[in-house]
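Peer 1: Sequence:
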Amino acid sequence: MNTAYLEQLGEYSKIADSIAQAEALVEAKKVNTSWYNRKFNSYIIVYALLQSRQYEKGLRLAAENIKLFGKHSANWFAFMENYVLLAMHSKQYELAEELLRDVIEGEHLRKLGDSSIERWELYRRYFAFAVAQEREEQLQDLSTGITTKLLILPNDKVGFNLALLVLDVLEKLAAPHVEDLALHAERVRKYTRKHLKGEKAERPRIFMRLLLLVLTKSSAEARAQGEELLEKLKTTPLPGDAFTEVEIVPYEHLWELALHLLNRREQLL
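No gaps in the numbering here: position 158 of the sequence shown is 190 in the numbering used here, and each next residue is one more.
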């Protein structure tokens, strides 16, 4: 109950501390071990470390605790989602690539529900795009989609649909043949007005304002005008529940990528 309460508040660092205290009580034999679900709590603490940006500790625990789950079981796939995101958030792309291959290879992924398969496809798309821009080459074995249809995620207007929109806009920014970015700037404006309301939408709302800069300004203007917004973004905490999964790549990293794409675009055009 305490974990659920803290998650709703977005107090992820406190979740990690709470579970650590529980483990200490179990170790001291002050709590019956049958009352302590090690698999569940190992999943929650890795998730909490991801959300509180304690990437090094999260990756260490993820490497240790993945062994608790039967490979390719439903719980293994759920745990691997946080493991992959930890690797991507810390820019350890070689590890993320290794983990994604482990998930995608074989037919085991097909046994999951449609929403889970679509999430993995979204993670794959973000990873393939980010790495392609960094290495300036396509990944052969992760370039093929897991599924061509995304039917469930687009309906999550305050969650994964935002991640889909952001990726699509960045892909348009990366494509020199897409000359008019005004249409995509208007998409960003409309989405922000309609869906990103309230205190919990503060981080995505700030990032969308940054995204508008790269769609409407030169790279020099965008960088200069984005400085204040970027500092505000860095000090805005991650929200609880609804928006926690949309930052497949942290917005701060996506801003760096967007500026790089805009600068490259200007050179090409």
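Read the hints as simulated data drawn from the structure, not as lab findings.
Here the structure is a predicted model, which is why all the values come from computation and not from measurement.
Ideal Cβ positions, reconstructed from N, Cα and C, are used throughout, including at glycine.
Don't take each hint at face value.
[What the hints assert, rightly or not] Here are the simulated SDA-like cross-link-like pairs (lysine to any residue), alpha carbons at most 20 Å apart as the crow flies: (1) Lys71 x Leu41; (2) Lys103 x Leu93; (3) Lys181 x Ile136; (4) Lys123 x Arg133.
[Said to hold, decoys possible] Simulated DEER-style distance windows between Cβ atoms: (5) Glu203 x Lys71: 31 to 39 Å; (6) Leu300 x Leu183: 31 to 39 Å; (7) Leu57 x Lys181: 40 to 48 Å; (8) His292 x Arg85: 30 to 38 Å; (9) Arg92 x Glu260: 17 to 25 Å.
Peer 1: All the hints need checking, so say for each whether the structure fits it.
Peer 2: These are the hints, each one checked on the structure:
| no. | hint | result |
| --- | --- | --- |
| 1 | Lys71 x Leu41 | violated (23 Å) |
| 2 | Lys103 x Leu93 | holds (17 Å) |
| 3 | Lys181 x Ile136 | holds (16 Å) |
| 4 | Lys123 x Arg133 | holds (17 Å) |
| 5 | Glu203 x Lys71: 31 to 39 Å | holds (37 Å) |
| 6 | Leu300 x Leu183: 31 to 39 Å | holds (35 Å) |
| 7 | Leu57 x Lys181: 40 to 48 Å | holds (47 Å) |
| 8 | His292 x Arg85: 30 to 38 Å | violated (22 Å) |
| 9 | Arg92 x Glu260: 17 to 25 Å | violated (35 Å) |
Consistency with the previously given hints fails for numbers 1, 8 and 9, ordered from lowest to highest.
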